[in-house]
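Participant: Next come the chains, spelled out residue by residue.
There are 2 protein chains.
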Amino acid sequence: MVTDTERPYVIGLDLGGTNAVFGIVDRDANIVAQTSVKTQDYSTAESFVDACVKALQPLIEQVGGIERIYGMGAGAPNANYHTGCIEKAPNLVWAKDRKVPLAGMFSERLGIKVNITNDANAAALGEMEYGCAKGMKDFIVITLGTGVGSGIVANGQLVCGHDGLAGELGHVIMVRENGRPCGCGRKGCLEAYCSATGVARTAREMLEKDSRPSLLRDLKPEEIDSYRVFKAAEAGDELAKEIFDFTGNMLGEACADFTVFSSPEAYIFFGGLCKSGDMLMDPIKKSYEENVMPIYKGKAKFLFSTLDGAGAAVLGAAALGWTV
Amino acid sequence: MVTDTERPYVIGLDLGGTNAVFGIVDRDANIVAQTSVKTQDYSTAESFVDACVKALQPLIEQVGGIERIYGMGAGAPNANYHTGCIEKAPNLVWAKDRKVPLAGMFSERLGIKVNITNDANAAALGEMEYGCAKGMKDFIVITLGTGVGSGIVANGQLVCGHDGLAGELGHVIMVRENGRPCGCGRKGCLEAYCSATGVARTAREMLEKDSRPSLLRDLKPEEIDSYRVFKAAEAGDELAKEIFDFTGNMLGEACADFTVFSSPEAYIFFGGLCKSGDMLMDPIKKSYEENVMPIYKGKAKFLFSTLDGAGAAVLGAAALGWTV
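Heads up: the sequence lines are chains A and B, in that order.
For what it's worth, the UniProt record's numbering labels the leading residue of the first sequence as 1, then goes sequentially.
For what it's worth, the UniProt record's numbering labels the leading residue of the second sequence as 1, then goes sequentially.
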């Protein structure tokens, strides 16, 4: 077996709809080199991977060549850990309607082993390897961004399910009657309410049915986003505060349900909406303790990710690279 | 290490509110000897364990003495795998208001290692070792009896959670507004609707608000139980059939939510309500496929436990005995 000393680096790839960000990462979570490629500039997966490998070459040389790299991990939308494929990812032009064997393609071109998983699972591995879940065996990472994603760790292992697609907690049904439409084609999903876009939608709905004054009324409906709602709440806007109470309340109810499943030591929140800090976390905690089954009360920790915002996704992917 | 050949048996204990049933079980799931003790005849855990050890002695002699026994497993209400304790089990007089270190007490008296877990977790281990989950790494057992219990296996391991109390899927909230009161002190839990007692309650409610004729109207309200509802449905009673449709529909919706968590290969149903067969299973499957997120459609198997009814709980506990 090759030791860490001989292969002290991994490649982490955070593959988003806009950018594919690569980092070369050491065991101590230092990103020693970084580059990126525009995800949408390529019409085929082949040309995208070509461009990535080309962009990676100088970085690989910089750390002493590919033989110094242990493996590669990637966090990507609709990525299946078991098959190594991205399966019909609506936000990726070259994988919209097809199955792309991304792990195999990178592995063949680079000559190292490659694991892929969805971005929230990568975030969970990142928290366990480098972040605030160090030493924990049971925890759940919830990503609050454009959507709501999750990475579940039980018994120290990622829960991937028999088909590699487990951990889609953004799609539990929270509102069974007349729920909001969700991108998954169903109605009432957690994601439709508690993602950053869900928060903006809650704001637009509340502004319409409520006549109180609000700083948010100075904005055009399409200008309202979760960050502006936060800034308004921070400035003391009552309506904006209620939007966070509504969002946190539903997240707390959802976590109370997740606890009967895997009783995690901690819930770790990650992603854009976390910038709202206690404005979001206080109602989550309150609602969780009010709603959780008595035997679990007062046990779970509620944390924000401690990984650096910009590098977090790359570090998560890198953590997966160590498991190849 | 002692081999199976030297210690070819385990003791399995199915500890219920009425009877504590012991079986001595071999690797091939044969219950070679069996005995039982009345759970409620003892006011202290000590006197209960005394009686059990006394009842076990002839069985242990029969298989060649305690040195032929590999270990012991017990399935019991509110049993914590991590601590080996039964924690405040409302149905056990000698553990109602206290924590009883049952595993340690048996281990000390018998001189073998003992593991305990809740009855649904034991059932899951039984299915994996002896039943229809042989070879599966991701599945969920749902017990439909007086309550609704669950045993979740992910990556080939029981999901016990950081506190040993995970897997209480009977207590996800299915009705958030005006839900039925549940034994756990909250409202709207799956168990309040889909346990055998929940089915009887659904029957009483539907008979009251619906004026159609029904075979169930020949019974006094307190005589209605899930088995009688099944017999009426089997005889073609429309109202009784609708009770099963309602129950199966909610179980299907619940399973659709469980799938986003751990995407199991199979749901395995176990317990009294399973006697209703396809009358229950058909609406579960229909509702599941209608409600599950598109990426999971058509993948999960829906099965009834294949373990023999009477011995199933003992076999499940025995499976735990092999893991000590």
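The hints are simulated quantities; they were obtained by calculation from the structure and are not laboratory data.
Please note that a few of the clues may not be correct.
Since the list gives no way to pick one copy over another, a pair counts as held whenever it fits inside one copy or between any two copies.
Listed next, the in silico DSSO-like pairs over lysine-lysine satisfying Cα-Cα at most 30 Å (straight line) [to be verified]:
{"id": "1", "residue 1": "137", "residue 2": "241"}
{"id": "2", "residue 1": "285", "residue 2": "88"}
{"id": "3", "residue 1": "231", "residue 2": "137"}
{"id": "4", "residue 1": "297", "residue 2": "241"}
{"id": "5", "residue 1": "88", "residue 2": "209"}
{"id": "6", "residue 1": "38", "residue 2": "275"}
{"id": "7", "residue 1": "297", "residue 2": "99"}
{"id": "8", "residue 1": "275", "residue 2": "285"}
{"id": "9", "residue 1": "99", "residue 2": "285"}
{"id": "10", "residue 1": "88", "residue 2": "301"}
{"id": "11", "residue 1": "99", "residue 2": "187"}
{"id": "12", "residue 1": "285", "residue 2": "113"}
{"id": "13", "residue 1": "286", "residue 2": "113"}
{"id": "14", "residue 1": "99", "residue 2": "299"}
Participant: What are the numbers of the hints that this structure violates, sorted from low to high?
Facilitator: 1, 3, 5, 12 and 13
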